[in-house]
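Undergrad: All chains, please: the whole structure from these sequences, using the hints.
First residue of the sequence shown? That's 14 in this note's numbering, and the numbers climb one at a time after it.
Be aware that one or more of the hints could be misleading.
Said to hold, decoys possible - When the alpha-carbon atoms are kept at most 25 Å apart in a straight line, the in silico DSS-like pairs for lysine-lysine are as follows:
1) K128 - K55
2) K55 - K104
3) K104 - K37
4) K17 - K55
5) K104 - K17
6) K96 - K37
7) K37 - K128
8) K55 - K37
Unchecked claim - What follows is a set of in silico ranges between Cβ atoms, one per label pair, in the way DEER data are often shown:
9) N135 - N60: 39 to 47 Å
10) E38 - D66: 35 to 43 Å
11) A131 - K37: 30 to 38 Å
12) V109 - A131: 39 to 47 Å
13) E50 - N135: 20 to 28 Å
14) E123 - D73: 36 to 44 Å
15) Q61 - G94: 20 to 28 Å
16) K37 - E123: 23 to 31 Å
17) Q111 - E50: 12 to 20 Å
18) K128 - G72: 17 to 25 Å
Treat the hints as calculated values from the structure; they're not laboratory data.
Bear in mind that the values here come from a model prediction, so they are computed numbers and not experimental data.
Virtual Cβ for every residue (Gly too), placed ideally from N, Cα, C.
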Amino acid sequence: MTVKLFKIFKPDPKKGVFRRYPDKECDYSGQPYMIDEFGGTKWIPENQKAFADNSWGNGDGLETVQEFYDRLEGLVRTILGFKHICGFCYKQLTDVEQEENGIYNYNRSEKFDMKRIAGIFNSLKTEEVGQGMFLKKGVDKSNLEMEKVLC
14 MTVKLFKIFK PDPKKGVFRR YPDKECDYSG QPYMIDEFGG TKWIPENQKA FADNSWGNGD
74 GLETVQEFYD RLEGLVRTIL GFKHICGFCY KQLTDVEQEE NGIYNYNRSE KFDMKRIAGI
134 FNSLKTEEVG QGMFLKKGVD KSNLEMEKVL C
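TA: Below, the structure is given as structure tokens:
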């Protein structure tokens, strides 16, 4: 998963950086990139699997909670390893109906050890600047205008 993500976001000397909709982009003049929707790895706790027939999330199904922590850390580390990406907005905060890829359950109870989740984000030198939105520590926030970062 992290290798695929790395290939998507690594600038190609011939093509530049990844462009999903180049005809719909705003002008780029060196401002930092922020990934506006990142995460969504599906994890269903054992006590909820009986209700999960029609649920979905991003990535292959994981067998253990440790696999989730490992994947989350690998994906965050990959994204923050690029100089041109300054941060991300993690989604989903909570499970939503059949979309079971939140870090909290549908009823807002904790799905994971939240100290461990916070530890993953904090150990990777990020700071939370909004609900679920993280920037690399040291990024000059005065230059971050959301319309320029996210168009």
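Undergrad: A separate judgement is required for each hint: does it hold in the structure or not?
TA: Evaluation of the provided hints:
no.	hint	verdict
1	K128 - K55	19 Å, holds
2	K55 - K104	11 Å, holds
3	K104 - K37	23 Å, holds
4	K17 - K55	17 Å, holds
5	K104 - K17	19 Å, holds
6	K96 - K37	23 Å, holds
7	K37 - K128	39 Å, violated
8	K55 - K37	30 Å, violated
9	N135 - N60: 39 to 47 Å	28 Å, violated
10	E38 - D66: 35 to 43 Å	39 Å, holds
11	A131 - K37: 30 to 38 Å	35 Å, holds
12	V109 - A131: 39 to 47 Å	22 Å, violated
13	E50 - N135: 20 to 28 Å	21 Å, holds
14	E123 - D73: 36 to 44 Å	23 Å, violated
15	Q61 - G94: 20 to 28 Å	33 Å, violated
16	K37 - E123: 23 to 31 Å	38 Å, violated
17	Q111 - E50: 12 to 20 Å	18 Å, holds
18	K128 - G72: 17 to 25 Å	23 Å, holds
This entry does not satisfy hints 7, 8, 9, 12, 14, 15 and 16, going by the numbered hints stated previously.
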